[in-house]
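Participant: Sequence:
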Amino acid sequence: SAVLFLLVMARLMGLTRTQAVLARREHALRAFGENLVAATGLGEVYAASLDALAAMVGPVAQTCLLTQTDATGERVLAAQPAGIEGSRLRVQDQTGTGGTVTVRRANGDPVPRTLPTDRWTAVPLHGTDGSQRQLLVAHRRPLPMDVAVILDSVGTQLVLAVERVGLTQVLHERRSEARFRSLVKNA
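Counting along the sequence shown from 1, when you hit position 185 you're at 185 in our numbering, and nothing is skipped either side.
Derived from the structure by calculation, the hints contain no laboratory data.
Please note that the accuracy of each hint is not assured.
The calculated lysine to any residue pairs, modelled on SDA-like cross-linking and capped at a C-alpha distance of 25 Å, are [what the hints assert, rightly or not]:
(1) Lys185 x Arg174
(2) Lys185 x Gly166
(3) Lys185 x His172
The calculated label-pair distances, taken between Cβ atoms and stated as ranges, are [as the list claims (entries may be wrong)]:
(4) Leu6 x Leu167: 53 to 61 Å
(5) Arg88 x Glu163: 52 to 60 Å
(6) Thr40 x Thr16: 33 to 41 Å
(7) Pro124 x Gly86: 20 to 28 Å
(8) Ser1 x Arg164: 38 to 46 Å
(9) Lys185 x Gly58: 52 to 60 Å
(10) Leu6 x Gly43: 47 to 55 Å
(11) Arg164 x Thr69: 17 to 25 Å
(12) Leu22 x Asn186: 55 to 63 Å
Small disclaimer: the values here were computed from a predicted structure and weren't measured.
For every residue, glycine included, the Cβ atom is placed at its ideal position computed from N, Cα and C.
Using the sequences provided together with the hints, build the complete structure.
Facilitator: Listed below in structure tokens is the structure:
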């Protein structure tokens, strides 16, 4: 009966740890939603997304990057930890299916501020504006399935928030132009 008691206690401890991880993720997801709603600019959206990603994924992720492809390659829009924003990167898909990629600086050097790892996971972000962005996450071990789902979820929310900010800016510009025309007309 003592062995059975120890097995039950070990199982309860495992369940307690799992519950703590889920509670941390739920709290981070709630904060992420609040930050996205409050964000008025792209910088705030990017920062909220990477902060939430780091909080939800936890110590599995060493570095999180948000990049955008332009004529000269991948440019880092936001980074967690901060410090390499604006850098140019060369991202190579190893499998041809997305997912695992190799990330280097444009000159071939490793990306700074990461522990020695060549494991990167890419999550493509497809928006209606035609831009090519992706989340890149550095990690030492293979990502568990639940973390891959979190990456996809954060990516989807990020795309929606970026599009919302863009539409809000267009609406604000149109209102400003209409006000200006009204002032000129009534002057």
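Participant: Each hint needs a verdict: does it hold in this structure or not?
Facilitator: Outcome of the hint check:
1. Between the alpha carbons of lysine 185 and arginine 174 the distance comes to roughly 16 Å, so the proposed pair stays at or under 25 Å and holds.
2. About 29 Å separates the Cα atoms of lysine 185 and glycine 166, which puts this hinted pair outside 25 Å; it is violated.
3. Between lysine 185 and histidine 172 the alpha-carbon distance is near 20 Å, which keeps this suggested pair within the 25 Å criterion.
4. The given range of 53 to 61 Å is respected by leucine 6 and leucine 167, whose C-beta atoms sit roughly 58 Å from each other.
5. Separated by about 25 Å at the C-beta atoms, arginine 88 and glutamate 163 break the suggested range of 52 to 60 Å.
6. Range check, threonine 40 to threonine 16: about 40 Å between beta-carbon atoms, so the 33 to 41 Å window is met.
7. Look at proline 124 against glycine 86: about 21 Å separates their beta carbons, and that is inside 20 to 28 Å.
8. Here the CB-CB span from serine 1 to arginine 164 is close to 59 Å, at odds with the stated 38 to 46 Å.
9. For the hinted restraint 52 to 60 Å between lysine 185 and glycine 58, the CB-CB distance of approximately 58 Å keeps it satisfied.
10. At roughly 52 Å, the beta-carbon separation of leucine 6 and glycine 43 lies within the given 47 to 55 Å, and the hint holds.
11. Taken as a hint, the range 17 to 25 Å holds for the pair arginine 164 and threonine 69, whose Cβ atoms sit roughly 22 Å apart.
12. In this structure, leucine 22 and asparagine 186 meet the distance hint of 55 to 63 Å, their C-beta atoms being roughly 59 Å apart.
Taken one by one, the earlier hints fail for this structure at numbers 2, 5, 8, listed in ascending order.
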